[in-house]
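Those protein sequences? They're chains Z and L, same order as listed.
Sequential numbering from 1 applies to the first sequence in the working numbering.
Sequential numbering from 332 applies to the second sequence in the working numbering.
Derived from the structure by calculation, the hints contain no laboratory data.
Worth double-checking, as some hints may not be accurate.
To be verified - For the chain L half of the interface with chain Z, some residues (derived, Cβ under 8 Å), not all of them:
id	residue
1	Asp351
2	Ala374
3	Tyr396
Keep in mind that this is a model prediction, so the values were computed, not measured.
Even glycine gets a Cβ: it sits at the ideal position worked out from N, Cα and C.
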Amino acid sequence: MAYGLTVNNDSGQVIIDSDISHFHFAGKYNSASSVAGGTLQNHTGNTDNDGGNFPYANLTSLGSTVGHIYKYNITQADVSTKPPMCFIKPTSTGSSAPFAGIIRMYFESGYWKVELLQSTQTSSGPVLYVFTTLDQLTLGSDSYGLRVMDSSSAVTFDSQNRPLRIKGSGSVTTPSLAHTGSLGSSWLGTLDVNCTPSSMSHSASSIAIDKQIYYVPSVAHCALQYTHSASDSGIHDWNRYAWARSDIYWAFYRSSFRILSTSSLQCSYAIYYRGHLARTAADSGFVLGLSALLGNIDADVGSAGMVPYTNSSRNVGESQGVIITNSDWYA
Amino acid sequence: MSFGIQIWDSAGTLTYSSLDVTWSHIGSFTAPANTTITFTGIAQTTERKVIRQMINQLSSDDEAYIHTYSLSGGSLVCTAPDTSNTTATLFTVLGR
């Protein structure tokens with residue numbers, strides 16, 4: 001290079017480079033609001049079949065536990081073109097901790113809106129530690145430290161603005177499905193997350209487990225459904241009966257993460273949407289097929305954005321980079 | 332430490348240490364939705380790592396694809412797997 005500053009360690013790894021626009025600390029954010037994940041439950045149809053053997057069980061069950069969505073509003077100078085990097089400080093760690101992942105980020109009304117999905121609700125959501133480039137921040141006025149500029153005199157590194165110090169890293173791939181094994185039996189779907197989390201080891205073990213924060217956005221998702229249909233007719237107590245019932249349960253999952261130990265991070269899923277539709281008939285002239293169920297979903301069901309999902313998955317095979325740092329460095 | 336760099340602020344707080352820093356931020360690049368694009372001029376270091384994030388995903392587009400990529404030399408090739416259902420993707424490239 002003809003100008004500027006490059007600092008390498010003895011392994012040849014770049015530590016500071018004036019041509020690189022380093023990320024710096026922009027603040028901590030608590031959630032501005034939160035809401036439960038989407039749930040759709042709907043039963044329509046008759047159930048009185050003159051004493052016949054209509055299957056009443058679980059007409060209003062959901063068969064899964066939905067996650068909780070925490071919403072954050074991030075401010076910075078340019079909200080349209082420079083998304084910030086949001087590290088998650090989880091509400092807890094270890095093998096009983098909920099999984100959490102950032103599932104959506106978009107700019108709106110002067111903010112970067114961030115939505116974080118956590119597999120269970122907690123009284124206070126995770127805290128986001130936000131980093132961005134220096135052109136989005138006010139430079140410090142201290143006379144101590146090190147400031148590095150590029151050839152355009154733009155500041156690319158300033159120790160006063162607490163540069164991002166990445167301590168550990170790795171890559172993780174999401175499990176291929178959120179649930180393995182049976183999805184249900186008879187009239188009850190069981191679509192809670194039931195898979196072996198994938199794990200990643202990293203080198204940030206010198207950071208206390210409750211001080212570790214991680215950056216790895218959720219990109220993988222999958223959907224699973226369980227359906228069951230049956231009908232019967234006959235004579236009960238000298239009366240003719242007939243019934244038909246079709247049910248569909250589904251769950252839509254997003255990948256999410258948790259800190260398992262000081263040296264490992266796990267990836268699994270949390271449920272973002274779930275639902276259960278039941279359609280029934282109890283008369284002698286009606287047989288309800290599953291196609292009829294799917295073809296007669298109420299208009300408000302579709303407008304809620306929670307239509308049943310078919311079995312599918314996307315982005316699950318994609319290896320995601322993970323970086324870890326210490327929340328105490330940005331207290 | 333016997334080599335590297337450490338920086339303190341005026342209060343004596345360590346704000347930067349080459350003992351801690353294993354990766355530096357090389358650049359961030361946003362691939363538009365449904366579009367394959369190549370970014371060039373990316374700094375080349377001994378090792379690099381890429382982290383992706385969905386950006387500006389619509390609430391009605393929960394089943395979106397994310398761009399796949401290849402990073403070679405100074406070029407980051409971001410490929411949309413689907414021309415109508417691939418979300419905009421933020422690529423964060425780290426190096427060391």
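Quick check: which numbered hints come out false for this structure?
-> The structure conflicts with no hint, since it agrees with every one listed earlier.
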